[in-house]
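**Student:** The primary structure of each chain is shown beneath.
Number of protein chains: 2
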Amino acid sequence: MSATQLVEGVLSGNRRDLARLISLIEDEEPSVPEALGQLYRHTGRGHIVGITGPPGSGKSTLVTRMTTEYRTRNKTVGIVCVDPSSPFTGGALLGDRIRMQEHALDREVFVRSMGTRGHLGGLARATSDAVRAIDAFGKDIIIVETVGAGQSEVEVIDIAHTILVIDVPGAGDDIQAIKAGIMEIADIFVVNKSDMPGAERKVTEINAMLDTDPRERAWRPPVLMTNARDGEGIAGLVDTIDAHRKYLVDSGLLAEKGLQRSREELKTIMEHKLTTELMEKLKGLPEYERAIKKIADRSDDPYSVAERLITKFLADYGRRVAESERKR
Amino acid sequence: MSATQLVEGVLSGNRRDLARLISLIEDEEPSVPEALGQLYRHTGRGHIVGITGPPGSGKSTLVTRMTTEYRTRNKTVGIVCVDPSSPFTGGALLGDRIRMQEHALDREVFVRSMGTRGHLGGLARATSDAVRAIDAFGKDIIIVETVGAGQSEVEVIDIAHTILVIDVPGAGDDIQAIKAGIMEIADIFVVNKSDMPGAERKVTEINAMLDTDPRERAWRPPVLMTNARDGEGIAGLVDTIDAHRKYLVDSGLLAEKGLQRSREELKTIMEHKLTTELMEKLKGLPEYERAIKKIADRSDDPYSVAERLITKFLADYGRRVAESERKR
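Chains U and P supply the protein sequences, listed in that same order. Residue numbers for the first sequence follow the working numbering, beginning at 26 and rising by one. Residue numbers for the second sequence follow the working numbering, beginning at 26 and rising by one.
Just chain U, with the same shape it has in the complex (with noise of 0.2 Å):
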């Protein structure tokens, strides 16, 4: 099955299509570009959340709470949980099916988990087309969530609208403690386990943390205490979540966001198309292997070769479309 025979499987929502696209995205089958350009149109209608927080701060259960508080309000949920340090994927992970038991019956929620099958960059992308599908299939929430806190952590929920940043009380100058680059992304804290000895003082501490910051800004991130094993603070936090998104519109924050994004995403997709269509061409080139070799014994230097190569395979290229001119 290639993916651009599940587009419309998608479109008209069939939730095992779409468990198969994001599959053969993360498979990097080639003809996902091809199906990701046709659902592109029908995108950017879900807003998205980023969920990111040391391990044992309970995201898991804010999600699945979240997730009862969407469906309570109408809203469908689109689920992304991705962990950067785990190789594994596919949305078989134990502990999810358990977590989300709740939700596992209502159609209107669907959930994904995702791992590393190859390198950071690969996952990166992968979370982003993955969402861009769930987007494209009609989730009106789409909550990626990862576990961990660290840059990479980061990279993987920068797709978001409004990112979340949980903390838990006590977890003070840990090694665990969320990291300055973490901070500075979030635009909304949740001190969760709110119960625990220390969940005020971990508020005023965040709090006196951003006064800290010299940027003005006109969205200071509010800082929210809930509870996730009880539910507690979990439609203050959903309206918080809706109160942001208006403010990304109101404020043209959120077009200006998504022109960032396009720019960014047309400049991912060239590079890879443009190495690709390069290293096609260079591949069993007997003067390309050579190269290679003359770079490991250190008789010639890779920078000097990359240039030789790139000059030889964009005049190639350029012969090629000179011609085709000359003949037409």
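Some hints could be false.
Since copy identity is lost for identical chains, a pair holds within one copy or between any two.
What the hints assert, rightly or not - In silico lysine-lysine, DSSO-like type, Cα no more than 27 Å apart, as pairs:
1) K337 with K318
2) K100 with K271
3) K282 with K100
4) K282 with K306
5) K319 with K337
6) K298 with K100
7) K282 with K271
8) K271 with K308
9) K319 with K292
10) K352 with K282
11) K282 with K292
12) K100 with K292
13) K306 with K318
14) K319 with K282
15) K271 with K319
16) K306 with K319
17) K306 with K337
18) K337 with K271
19) K100 with K337
20) K308 with K319
21) K337 with K292
22) K308 with K100
23) K318 with K282
24) K292 with K318
25) K318 with K308
26) K298 with K271
27) K100 with K306
28) K352 with K271
These are calculated hints, taken from the structure and not from any lab test. Predicted model only: the values in this text are computed from it and were never measured.
Take the given structure of chain U and dock chain P to it, following the hints.
**Tutor:** Then chain P, alone, in the frame of chain U:
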């Protein structure tokens, strides 16, 4: 100061020029590729040791002790400490300063910290380039230590000839425990803090895990115990690294790895060069800006636009080449 101006200094053993060059590598100064090209033929002599493991496993102390041992054996040492989750850089991490005090006055030891300035892919490349510069500088042993133990760390130490995976007793099933993906890259396992209860059990556990590995391999990763704090097991560890080097050389794997690395490196450099050239051509073109707007408002999709722009870029280049050939 441009990177190319530092090449001579680096080759003649000027430490400050080496430090400056690494800063320029981090800043992606334009002449860095040329400088690295000039240094390239002087590389390939140092043995690169990668070290990863969970926070708190005592990696830093281990590196300090290993350095002492190498110095006793008259080997010069370069150390690169990488923290993929930190935006910090420049070798001034307080912790590093303190722990490396022991070697601060030793001119044969070069220490450098690196953090993420931009995205992760950039860090892996910058680290690889820094290691290359230190190699050309002439250090016998280059240790790349990463903080944490995730997928990003795997990418960063991918350049190493010998990879040590550090674990500690009792880390067990904890979320901080070494992930499957990390286990697989280990050439040597080190159970540090051997004075803690459960050290022997940890060794047994890792060996049991190795027993289940279905791969046939000539080098079965040894599982060593160390107590870096008091230097126990360090000489044995350094001996084992030497033995692994010998194994790599004798089996032809070092040459094979070198070829593989050259292939990947050439590809990375070509990709970078080609896309830089493409983006320079597109930047500011009204057609390019219009296309981005159309993608953002969903009246066009990025895949079709990428196709068009790349074809145009290659054709333009080709026409110029064809013309210059006609003139000749």
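**Student:** Go through the numbered hints given earlier and state which of them the structure violates, listing their numbers in rising order.
**Tutor:** Structure breaks hints 6, 8, 10, 12, 18, 19, 22, 26, 27 and 28.
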